[in-house]
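Those protein sequences? They're chains A and B, same order as listed.
If you count the first sequence from 1, position 506 lands on 506 in my numbering, and the numbers rise without skipping.
If you count the second sequence from 1, position 632 lands on 632 in my numbering, and the numbers rise without skipping.
Honestly, the hints are just simulated from the structure, not real lab data.
Misleading hints may appear alongside valid ones.
When the alpha-carbon atoms are kept at most 27 Å apart in a straight line, the in silico DSSO-like pairs for lysine-lysine are as follows [said to hold, decoys possible]:
| # | chain 1 | residue 1 | chain 2 | residue 2 |
| --- | --- | --- | --- | --- |
| 1 | A | Lys-227 | B | Lys-317 |
| 2 | A | Lys-629 | A | Lys-10 |
| 3 | B | Lys-640 | B | Lys-425 |
| 4 | B | Lys-640 | A | Lys-219 |
| 5 | B | Lys-219 | A | Lys-658 |
| 6 | A | Lys-640 | B | Lys-10 |
| 7 | A | Lys-45 | B | Lys-658 |
| 8 | B | Lys-2 | B | Lys-319 |
| 9 | B | Lys-219 | A | Lys-548 |
| 10 | A | Lys-219 | B | Lys-548 |
| 11 | A | Lys-658 | B | Lys-640 |
| 12 | B | Lys-227 | A | Lys-629 |
| 13 | A | Lys-131 | A | Lys-252 |
| 14 | B | Lys-227 | A | Lys-640 |
| 15 | A | Lys-10 | A | Lys-658 |
| 16 | A | Lys-219 | B | Lys-658 |
| 17 | A | Lys-227 | B | Lys-319 |
| 18 | A | Lys-418 | A | Lys-45 |
| 19 | B | Lys-425 | B | Lys-658 |
| 20 | B | Lys-629 | B | Lys-10 |
| 21 | A | Lys-317 | B | Lys-640 |
| 22 | B | Lys-45 | A | Lys-658 |
| 23 | A | Lys-418 | A | Lys-390 |
| 24 | A | Lys-252 | A | Lys-219 |
There are 2 protein chains.
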Amino acid sequence: MKAAFMAEMKAENIKQFLYNFTQLPHLAGTKENLHLAQQVQAEWKEFGLDSVQLVHYDVLLSYPDDTKPNYISVIDEHGNEIFNTSLSEPPPPGYEAVRDVVPPYSAFSAQGMPEGELVYVNYGRTEDFFKLEREMGINCTGKIVIARYGKIFRGNKVKNAELAGAKGIILYSDPADYCAPGVDPYPNGWNLPGGGAQRGNVLNLNGAGDPLTPGYPAKEYTYRLDKASGVGLPKIPVHPIGYHDAESLLRKVKMHIHSNNEIRRIYNVIGTIRGTVEPDRYVILGGHRDSWVFGGIDPQSGAAVVHEIVRSFGKLKRKGWRPRRTVIFASWDAEEFGLLGSTEWAEENAKVLQARGVAYINADSSIEGNYTLRVDCTPLMYRLVYSMTKEIPSPDEGFEGKSLYESWYKKNPSREYKDVPRINKLGSGNDFEVFFQRLGIASGRARYSKNLNVEKYSSYPVYHSVYETYEIVERFYDPTFKNHLTVAKVRGGLVFELANSVVLPFDCRDYASAVSNYAHIIYNLSRNHEEELATYNVSFDALFSAVKNFTEVAASFHERLQQIDINNLLAVRSLNDQLMFLERAFIDPLGLPGRPFYRHVIFAPSSHNKYAGESFPGIYDAMFDIESKADQHEAWEEVKRQISIAAFTVQAAAETLKEVA
Amino acid sequence: MKAAFMAEMKAENIKQFLYNFTQLPHLAGTKENLHLAQQVQAEWKEFGLDSVQLVHYDVLLSYPDDTKPNYISVIDEHGNEIFNTSLSEPPPPGYEAVRDVVPPYSAFSAQGMPEGELVYVNYGRTEDFFKLEREMGINCTGKIVIARYGKIFRGNKVKNAELAGAKGIILYSDPADYCAPGVDPYPNGWNLPGGGAQRGNVLNLNGAGDPLTPGYPAKEYTYRLDKASGVGLPKIPVHPIGYHDAESLLRKVKMHIHSNNEIRRIYNVIGTIRGTVEPDRYVILGGHRDSWVFGGIDPQSGAAVVHEIVRSFGKLKRKGWRPRRTVIFASWDAEEFGLLGSTEWAEENAKVLQARGVAYINADSSIEGNYTLRVDCTPLMYRLVYSMTKEIPSPDEGFEGKSLYESWYKKNPSREYKDVPRINKLGSGNDFEVFFQRLGIASGRARYSKNLNVEKYSSYPVYHSVYETYEIVERFYDPTFKNHLTVAKVRGGLVFELANSVVLPFDCRDYASAVSNYAHIIYNLSRNHEEELATYNVSFDALFSAVKNFTEVAASFHERLQQIDINNLLAVRSLNDQLMFLERAFIDPLGLPGRPFYRHVIFAPSSHNKYAGESFPGIYDAMFDIESKADQHEAWEEVKRQISIAAFTVQAAAETLKEVA
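Produce the complete structure using the sequences and hints provided.
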């Protein structure tokens with residue numbers, strides 16, 4: 001049935017769906033996005049799912065004030081405003097008459113009209129502020145800082161600016177980061193026009209979901225913090241501008257920020273195909289539906305692919321087929337406002353998901369380039385991804401008749417492992433976060449990407465601007481939608497295999513290799529402090545010992561798995577449960593220090609860049625910039641504590657793979 | 001096979017085991033208790049278990065200083081010591097030559113020699129201190145307080161004294177609480193002699209286990225807090241005395257406390273019989289082995305029963321039988337020092353236990369009286385306990401030919417439910433704590449008890465004194481060991497049914513009734529504050545709505561369960577998983593406020609008495625003494641937040657019982 005499923009998916013359908021999803025803005029919390037939810041619900045039902053529900057939450061969102069626009073002024077020595085930044089982006093051709101395009105803004109910015117001296121802080125990274133403060137002696141206290149977009153999640157820039165004492169932060173798109181050389185600005189090319197700007201939320205939620213209901217679903221009955229006490233809200237005004245406006249900013253500026261935080265209702269669409277043999281095991285495919293404006297790439301290039309995957313599953317089901325396990329399809333709302341739809345749903349269903357969740361496959365933008373595949377996933381899925389991509393034809397020029405695996409490997413080989421394509425660690429910034437980082441459900445994501453080695457712009461130039469249209473995809477990124485179709489086959493194929501294999505297609509030996517690799521990386525990092533390691537008696541022996549045990553136990557487990565009697569239903573179920581619960585074993589209910597909702601001991605979103613994954617984050621964070629800590633004894637004691645937690649967790653995970661009883 | 005199993009257990013064996021276990025002191029952390037562990041290990045192997053392991057941890061324990069005894073002096077106005085309390089208890093006849101009887105002390109007391117005015121604080125309960133401070137205007141700051149034992153866990157008394165500002169606390173056994181009327185002191189009767197005193201730990205661990213490794217097992221590799229930062233250690237000196245010494249204490253006293261906290265190795269014995277059909281489902285029978293001195297009642301009257309249960313299971317196994325699920329037998333160490341052996345083991349195995357733990361049956365003292373059965377358990381087990389006890393003959397005089405259920409019901413009918421015997425909520429103070437309160441594994445305990453309606457002494461008179469000998473059991477409590485045998489049949493029968501029933505013998509409808517009952521209780525309590533409920537807009541509607549949903553879903557689940565095809569292995573497994581994970585669904589990883597290791601939302605040890613169970617503890621604690629809180633708005637907001645958490649959790653538990661997918 002897998003071949004039938006794969007063959008059923010068509011590029012032309014994805015194209016039609018993308019067109020259909022991108023004609024209007026679908027900002028979370030607006031009626032347009034509710035209407036799209038209802039449309040998706042109706043169509044998924046039509047496709048043949050067993051059930052499709054709208055599931056709502058009432059969460060804190062943020063919008064510009066209709067009557068008081070946000071902007072930045074340049075002021076002269078008398079305080080006169082001698083230049084104002086633009087209030088909106090010039091609309092893309094064909095979209096001039098569209099109403100309700102939200103102007104560029106930083107969602108959840110504090111309100112305020114600070115004025116002051118402007119300090120350039122490069123990307124606003126931790127190291128940028130270190131350089132300013134420690135090497136250049138520049139103090140940001142009481143200043144307004146301007147950071148260019150790129151490299152790290154914008155929320156981290158805002159947090160860093162706050163910590164540096166800034167009273168406001170301007171974010172701008174620099175051509176160096178948002179224009180590819182030799183490419184025209186939209187509509188003649190796919191570069192960001194000078195009048196375009198990047199919207200985005202500037203929260204530091206650390207996995208909390210709705211800022212007012214951390215840890216619990218934002219339902220009618222749920223207690224809400226007061227708005228001022230919400231988790232992760234910035235304390236200073238923030239505003240994004242384009243490069244034309246950025247060029248005009250002079251030494252002294254004034255910000256005018258009037259956006260409001262308000263509680264609004266959001267809607268997830270949740271569709272289900274019930275499994276035959278193990279209906280109580282769930283494989284989830286989820287991606288968001290809300291967009292800042294038209295969402296031509298983010299998220300509808302992903303949502304269109306999900307739509308086609310649902311349609312293909314529905315087609316098979318109509319022919320009488322069902323998967324072994326239950327498949328859940330999710331169209332998340334309010335991802336752009338802090339992964340809210342997915343997080344609230346996972347909070348509401350946490351107990352069921354912990355007991356039954358086999359895997360989560362994420363489906364945001366299918367493309368951010370057209371060079372090759374890009375995959376981030378749990379080590380449990382490495383081999384599945386490799387074997388799957390060997391069966392999918394490459395869409396790339398020059399790889400006719402070759403597999404996706406071949407072009408992917410050729411274009412982006414792994415740095416860590418021999419003879420395989422590169423797979424990255426999961427970080428965050430997308431809807432898999434709560435499933436992986438909080439609940440410990442094996443997760444993965446895949447999209448088509450640029451050549452990261454040579455294309456130095458950040459994400460893709462028109463990211464989160466009004467220029468993310470259907471046309472930019474159709475004209476420049478993927479005219480035949482072959483890359484979309486390839487991504488559909490990867491995402492859909494993963495879901496199919498995870499839902500339908502008798503034995504779960506997870507390989508615990510790869511987790512052992514990965515953990516071993518990460519242990520060596522963190523140990524090598526520690527050796528920058530040889531003297532302190534000796535002084536404070538810091539040893540990684542326990543961690544390496546646990547890794548060794550895990551490696552041996554994983555090998556034995558795998559051998560037992562080879563010898564399993566596939567007809568012994570309970571024996572298969574039992575081994576599958578061990579595989580399913582392995583990812584769960586890395587979850588520490590106490591969470592990482594100061595980040596109670598990041599509970600995975602092996603992986604976390606980097607504390608310095610939410611988008612990136614950090615391995616052994618507890619140890620990493622304890623050692624970060626440790627030389628500047630006032631109490632060195634205390635600082636190294638914390639390193640030792642974190643090594644101990646890591647060693648325990650790896651050992652405990654090993655125990656879960658041993659022969660039961 | 002159950003009949004054979006039940007018939008195999010003999011009173012005479014239990015008696016022999018008790019004798020054997022009580023000839024020497026078995027204080028945790030001593031070589032005598034290691035030797036007993038090795039003996040238990042050898043005998044369990046001999047009985048036929050599949051495997052029996054010694055599992056060690058290095059935990060913080062506390063012992064008197066061999067060279068500087070602990071005592072209390074009465075001092076005159078010049079500071080001269082004019083009376084000293086005794087340094088040890090007069091030994092019971094026949095035990096005069098036994099070495100290494102630890103003198104009465106309060107384990108984990110702070111060291112110190114405070115002197116000062118003595119204030120009597122009754123039982124040292126929260127309400128006792130309220131009365132002193134609020135009604136009588138007595139300030140304990142800088143005073144030494146003396147509290148009588150009884151009513152609540154001694155650690156709570158110490159905590160209350162600290163909060164009141166006392167600089168030391170003396171605990172004494174009052175004849176009103178430790179002597180039954182008309183009964184002689186030991187050895188002529190079972191009352192506490194005037195020279196006897198109650199040992200015990202005075203920690204406030206709140207479920208943390210080893211004070212130096214909260215949340216993680218105390219293994220060689222584990223990071224340890226420094227001793228001064230241990231969890232739950234009292235900050236003031238504490239010492240226990242008998243009623244003879246108590247009579248001599250005058251207004252001004254001086255404490256001399258020199259006990260030391262030290263890290264020592266403890267040993268659990270873990271035995272296993274592998275299940276045939278579902279080896280990856282665990283039913284655990286555990287009780288502690290360490291005793292303050294001879295442990296005639298606590299714990300060996302329980303350990304002897306466990307021994308006989310193990311022997312009977314072993315006997316069946318030798319005949320070729322195995323249970324459907326895996327049975328794990330545990331002999332815990334260092335229960336007396338804060339439930340350390342069980343908690344460390346559960347911490348080490350938390351991930352496996354969460355995924356596979358079906359039930360935990362606790363087995364401390366089998367007797368604390370000889371009147372009738374006493375059971376505390378999860379509502380899931382109510383019906384199992386009732387049906388089991390209907391099959392066991394009553395050992396009580398006047399109930400010849402009647403069932404245990406009948407005598408139990410006659411002697412102690414339920415207050416809440418019609419026509420059934422009373423079953424109590426689980427609190428803590430015993431080894432089930434980590435399994436139930438932290439991990440959410442369905443738990444229960446059973447012992448023979450006194451007539452709580454008329455026998456007003458606390459626990460049993462010689463509790464934790466040197467007079468807990470084999471002879472006190474054999475002469476006074478249970479000469480024929482028929483009550484021990486009855487408890488063996490209850491505990492063993494529960495384990496047998498839980499391990500062997502095809503469908504788990506849990507009834508979720510009883511959980512619904514219990515939760516409904518608790519919701520009404522907490523709501524009625526709130527109505528003492530009608531005005532504030534209105535002012536602050538506090539509503540229990542969401543909780544009642546969730547309880548209603550839970551009740552309906554539980555009824556539907558039960559109906560589905562009746563219709564199950566018992567030959568459909570995976571369908572049975574799936575429903576059993578729903579039953580198994582129901583208790584887990586009440587666990588909130590965020591824990592109760594300030595008590596991160598008490599995570600069960602429906603039950604917790606009372607914040608005012610660790611021994612007692614509190615229902616909806618989050619709401620209860622938020623409302624406790626709320627009228628005295630400075631910020632009423634903030635206090636009632638917290639009540640609302642806790643109601644919301646309770647409503648969410650009950651609703652989430654309901655979701656786990658719905659038909660899957």
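Hints versus structure:
1. Lys-227(A) with Lys-317(B): violated (63 Å)
2. Lys-629(A) with Lys-10(A): violated (57 Å)
3. Lys-640(B) with Lys-425(B): Holds, because 24 Å separates the two Cα atoms, which is no more than 27 Å.
4. Lys-640(B) with Lys-219(A): holds (14 Å)
5. Lys-219(B) with Lys-658(A): With a Cα-Cα distance of about 19 Å, the restraint between Lys-219(B) and Lys-658(A) holds, given a limit of 27 Å.
6. Lys-640(A) with Lys-10(B): Answer violated: Lys-640(A) to Lys-10(B) is near 52 Å, above 27 Å.
7. Lys-45(A) with Lys-658(B): Within the cut-off at roughly 22 Å; holds.
8. Lys-2(B) with Lys-319(B): holds (13 Å)
9. Lys-219(B) with Lys-548(A): The hint holds at about 17 Å.
10. Lys-219(A) with Lys-548(B): Within the cut-off at roughly 17 Å; holds.
11. Lys-658(A) with Lys-640(B): violated (45 Å)
12. Lys-227(B) with Lys-629(A): Roughly 24 Å between the alpha carbons, so the hint for Lys-227(B) and Lys-629(A) holds.
13. Lys-131(A) with Lys-252(A): Status holds; Cα separation ~22 Å.
14. Lys-227(B) with Lys-640(A): holds (16 Å)
15. Lys-10(A) with Lys-658(A): violated (44 Å)
16. Lys-219(A) with Lys-658(B): Holds, at about 19 Å.
17. Lys-227(A) with Lys-319(B): violated (68 Å)
18. Lys-418(A) with Lys-45(A): Between Lys-418(A) and Lys-45(A) the Cα gap is close to 45 Å, so the pair fails against 27 Å, i.e. violated.
19. Lys-425(B) with Lys-658(B): The given pair, whose Cα atoms are some 26 Å apart, holds under the 27 Å limit.
20. Lys-629(B) with Lys-10(B): Given that 27 Å is the threshold and the Cα spacing comes to 57 Å, the pair is violated.
21. Lys-317(A) with Lys-640(B): This hinted pair is violated, its Cα atoms lying about 46 Å apart.
22. Lys-45(B) with Lys-658(A): Within the cut-off at roughly 22 Å; holds.
23. Lys-418(A) with Lys-390(A): holds (17 Å)
24. Lys-252(A) with Lys-219(A): Not OK: Lys-252(A) and Lys-219(A) at ~45 Å, beyond 27 Å, violated.
The structure fails to meet hints 1, 2, 6, 11, 15, 17, 18, 20, 21 and 24 from the earlier list, while all remaining hints are met.
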